[in-house]
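Chains as they are written, first to last, in this note's numbering: chain A, 2 to 1019; chain E, 74 to 196; chain F, 91 to 301.
Where hints are given, some of them may not hold.
[As the list claims (entries may be wrong)] Cross-link-like lysine to any residue pairs, in silico, SDA-like; alpha carbons within 20 Å at most: (1) K724/A x E111/E; (2) K648/A x S118/F; (3) K94/E x W762/A; (4) K724/A x H665/A; (5) K157/E x G145/F; (6) K398/A x D51/A; (7) K259/F x C618/A.
FYI, nobody ran anything at the bench for these hints, they're computed from the structure.
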Amino acid sequence: MSQSTKQPNRLAAGGSVDRTRTLKFTFNGQAYTGHPGDTLASALLANGVDLVNRSFKYSRPRGIVAAGAEEPNAVMQLGASEATQVPNVRATQQALYDGLVAYSTNGWPDVQKDLMSWIGKLGAPFMPPGFYYKTFMAPASMWMTYEKYIRKTAGLGRSPSEPDPDIYDHMNRHCDVLVIGGGPAGLAAALSAARSGARVIVADEQEAMGGSLLDSRDRLDDQPAHAWVTTALEELAARDNVTLLTRTTANGYHDHNFVTLHERRTEHLADSAPTIEGRRQPRSRLHRVRAGQVVLATGTHERPLVYGNNDLPGNLLAGAVSTYIRRYGVIPGRKLVLTTSNDHAYRAALDWHEAGHEVVAIADAREAPEGELVEQARKHGIRVIAGSAIIEATGSKRVSGARVARIDRDGFKVVGPVETLDCDTIASSGGYSPVIHLASHTGARPTWNEEVLGFVPHTVKGVTTTGGARGVYPLADVLADGAEAGAVAATAMGFEVATEARHVPQATVVTEGAACALYQVPHEKPTLRAPKQFVDLQNDVTAAAIELATREGFESIEHVKRYTAMGFGTDQGKLGNINGMAIAARCLGKSIPEVGTTVFRPNYTPVTFGAVVGRHCRELFDPERYTAMHQWHVEHGAEFEDVGQWKRPWYYPRRVNGRLESMHEAVVRECRAVREHVGILDASTLGKIDIQGPGAREFLGRVYTNKWAKLAPGRVRYGLMCKDDGMVMDDGTTSCLGENHFLMTTTTGGAAAVLEWLEMWHQTEWPELDVYFTSVTDHWATMTVTGPEARKLLAEITDIDLDRESFKFMDWREGRVADVPARVFRISFTGELAFEINVQANYAMHVWKTLFEHGDKYGLTPYGTETMHVLRAEKGFIIAGQDTDGSVTPEDLGMHWAIGYDKPFPWIGKRALSRSDTRRTDRKQLVGLKPRNPEVVLQEGAQIVFDPQQTIPMTMVGHVTSSYYSPTLESGFALAVVKGGHQRMGETVYLPMVDGTIHEAEIVGTQFVDPEGARQNV
Amino acid sequence: MFHIYCPYCEEYREEEEFHPKGQAHLSRPEDPDDCSDEAWGDYLFFRDNPRGIHHEMWVHAQGCRKFFNITRHTVTYEILETYKMGEQPTITAETNTARPAATASSADDRAATEVKGAQGVQA
Amino acid sequence: MSDIRQFQTHPEVEIATESPLAYSRQRSGAPAITVSSQVMLRERPFQGHLTLRGGAIVLDEALRHVLGLSLPSQPHGLNHDDSGERSVQWLAPDEWLLIVPGGEEFSLETRLRDALGDAHVSIVDVSGGQTVIDIEGEMAHAVLMKFTHYDVDPTVFPVGKGVTTGFAKTSAILRRSSASRWELVVRRSFADYLYRWLLDAGEEYGIGVER
Ligand SMILES: [Zn+2]
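All chains, full assembly: derive it from the sequences and hints.
Okay, here's the thing in structure tokens:
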């Protein structure tokens, strides 16, 4: 019992905490103790910690209000080290573990010191209702000024500044029936569904399943309710077809019964996930569940009543008082006053009384309360004040009294004298709101049910709502309703549910009197002058703010929400929404259903980024595709460039005189090697598509702009592909392998899209053409050997006759290269003599290395994509996707030679090329640009103007698409699109830069080196 | 995240496996050369955007790579049917008026949500 | 040249080959299998992979004739020959994947083409572009649940089923060739990414790699 002396509010007995073991933790730097089985909230209450936070806007002291996900105040920053910081954790949902370190989220710099209290006092003028709205309306600069300060003081939590040591992951699940909520309805549903053989998942956000049964006064089959929970869980756990997930919150309900569950796997154990046998385990897991049927057994949230100073520490929900006493053996005070609109809340007073503490009075808003629980209270001698309510709490940092008065609910006024009762705790209950967030996530609007005084979910396909979540409250009814819901769901999935499968335990029947509708309690003063009556504690929204909003003309509840911030952020209106709507309704003279509800959005409670990201981070963030020669590139110091998902060697910096070359130096060297000797490029990433069938040739003629009818086996042709709007989409070479057999190449980034494009036209427009397309990108490894010495080098290791007459430019041949069967293509993207060697990828490394064994004497130099870009741009060869952007036609590119206007079939893109828009003479056309200053390398993307003297904004007439330094020209050069550019050869254009300099360039042709093409034809 | 029935694989697959390809049943004019600029422009650029029943073409990109059509309700996001290339939908905007009232009303509800939700700033 | 140009990719002399996972084993390692390994990986590289496309009836006839193996006609079917070394899998209504011992693919294609005569089909050698990774062990199923959104519950994914579906952020083929063995058929360029993903996801189950 010695521990209990340190925990002044810990009861000597009761609850399911293990008093034999002590756990140490700190809160705001102060050391405390608790027990296994505690939440952080129950441990704080056991230690008598009243003040857990400062409020968002007014910096008012706040204490723990609830015992579950709906807690608005005890939102914590957790983490014993900088790397393990986790913001936005509700203390009510955090199991206590030894060594837990928690801080107030909103308490900067110190929750006790109250730096912001001056704002709290002056608060209204500084941050009045509509603050966000009005601030956004003000000049943007004002918001920038406020934001930094407000965000910090508002304490939305902070993310760690050091890398997270933990790992997270995702698990995809499938089931027939997903039961959300492991309370009485959920367990009954799980049992009936599981007994039918359906695959069932049960998810519950608490540390243990059982929901309200864990602290219930009711008995099931003449046993304490939690005993039945144990039995039910044993049965479910023993079944192969059932998965039980505790500490798992269903956070999002998405289309077609896709539900995301956030499982906190080790959050209850330690600051960082413990390893098992040295292996890391995920801290959190996001289950992505595709459910046949969803059973929503999410229960209810109790609604607090809205009265003056209802935010003072010591104001709790009635149900939370019961939970702390019965489940955690913690009593959060000494003298209680309960204010209620219903019978159910009397349990708090009974539990308090049975724990041996004083219940000062119960203020019941109903004229003649008379249910069984009311009678029990009276029997215990508890004073019940009918027709009354607490209109105001008194106290400074903790409740010290309750002002109770007789009220007229319909007239919204205080009608009797005010009596002040001495107490330190107020429990309030304004009834229960079905938890309908998930049912609303895909947009279904809930409907108001006058009988349960709450919104109940609208029908959503594949979803059955049961128990409290649909307004069924008596335990016997809840169990039967749950069993039925499970049966309905299983039946919908084709399972037979026997009568016995629906068996539920017998519940003690407690008759309850009817509740009355009470939301905001009237005060002697009008709302705008009364002590603050809070509706949304987390966002500091008062009844007065809502009243003000309606007076300012905000009549839609969605507008009231934006104006006041009610139900914003991580709170999502769990406690305050209905009260807020009721107040808006009162002010507008409407009914609650007329006012309607706002939209709930995922996530129901905050989910860490770790869980969202799962394993898709760091080295596994995105696929990295490697070629068969990748290891060689790595070993030879290549810098890599991302091209699509491929990692391509960008350039190969060498160590020269102990210093690594810069990119510029490496590229100059690589370019010279290709133009003067021989270079080699790993071109394996180009898309390759095998095309077979008697319709192949006709098909090519329809998807390419140029002609394919006469391409003979052994020959290769360059092709340009347009979309039907006439804009260039991709390009590449296609080789005729046999009369009905072609090998198409695509750009590296366009490979998948081109294959899908071919399939689309074949499947949807021309199924009559007999042709098949198969990707062979990964099957072949491709190495381009290019430069004046290419023939000599290749001749050393091939049996192919490389003679220029028998193996011409744009031919391909079969043979052996380094003893490996190969197809060699005489195509050139550099303008030099070039051979593209294709071998089966498993043999590629051997061939690549053999080329180097023989290539040394010729100065064989590996080059990367940057050099490739320079060399091709010098020749005016375009890169689809760089020099084109979906708005460029073949004619804009000056590639009339690649357009077969006289082909018989109206090929893709042809018709569009004669539209008035594509015939305009002022279209942006591809040209070369030669900067007047050869040292200038123009910026890619730089805008072009004809007249640099014009006023800003200038008329932009084009932009640079590719720009490099050319070692061959010893000058910068560029490709660009310019309006009417083809007719402007020799003209000067201007490129104004951000820093004020204006570059001058001359419009020239696109072929800067060897325009006759002599070098590639040798 | 849609759950889409592939009529070729004959089972439901996750949306991530598919690519949407826009409005279904577009036909390329038989003789493009004989087509006015306006008619060709309509074929290229103009698409329906109905509130309610819509026919869309999708491709099972990560699976069988087959193209097919679906009939989808653009308000409830319910996929009412999927059918193979060359087949016609059995549910259309005209036939759908005969659908059960429950679905129709939840559709209306959803529509109200969308319209209202669009008025405010995102919370 | 004939209408279709077949190509023998294999050299006549012994040449060093590198499997798609050669670099991965060197870079990421291959954790040893221990007594506590609940998941085991094994690469089965250098097999012959042929993509068959065409009508089911003609292809079935040819395949029975040449290999004594019948073509699965139902979606997701996977058939093995008696030795278990050759398999054919449904990929699409007009597409199948044939996997045979490495080196057989060229002559097999020739024999199939002979048997098929003038039928319009496509047979494509993709052996260099794919590899097979076996996944075994009591937690193989759990690793797969992390890996793919496809339902891999043994009750709905029986032996003899194969699917092409999403794995992490790419796609692969998953097959169940026996009660204890799952097979992934992965593209060469994605093999390293998928391998590293498997090692990472399998860490908590003590994943090991057969060397
Ligand atoms: Zn499919």
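Query raised in the report: Is the hinted pair K157/E and G145/F satisfied, with a Cα-Cα distance of at most 20 Å?
Result: holds, 17 Å
Query - Pair hint outcome, K724/A versus E111/E [Cα-Cα no greater than 20 Å] - result: holds, 18 Å
Report task. Measure nothing beyond the straight line between the CA atoms of K94/E and W762/A; if it is 20 Å or shorter, mark the hint as holding. Result -> Holds: K94/E and W762/A sit about 12 Å apart, inside 20 Å.
**Report entry** Hint consistency between K648/A and S118/F [alpha-carbon to alpha-carbon, up to 20 Å]
**Finding:** With a Cα-Cα distance of about 17 Å, the restraint between K648/A and S118/F holds, given a limit of 20 Å.
Query raised in the report: Is it true that the CA of K398/A sits at most 20 Å from the CA of D51/A?
Result: holds, 8 Å
Query raised in the report: Under the criterion that the straight-line Cα-Cα distance not exceed 20 Å, is the pair K724/A, H665/A satisfied?
Result: Violated, at about 37 Å.
Query raised in the report: Holds or violated: are the alpha carbons of K259/F and C618/A at most 20 Å from each other?
Result: holds, 11 Å
Checked against the numbered hints above, the structure violates only hint 4.
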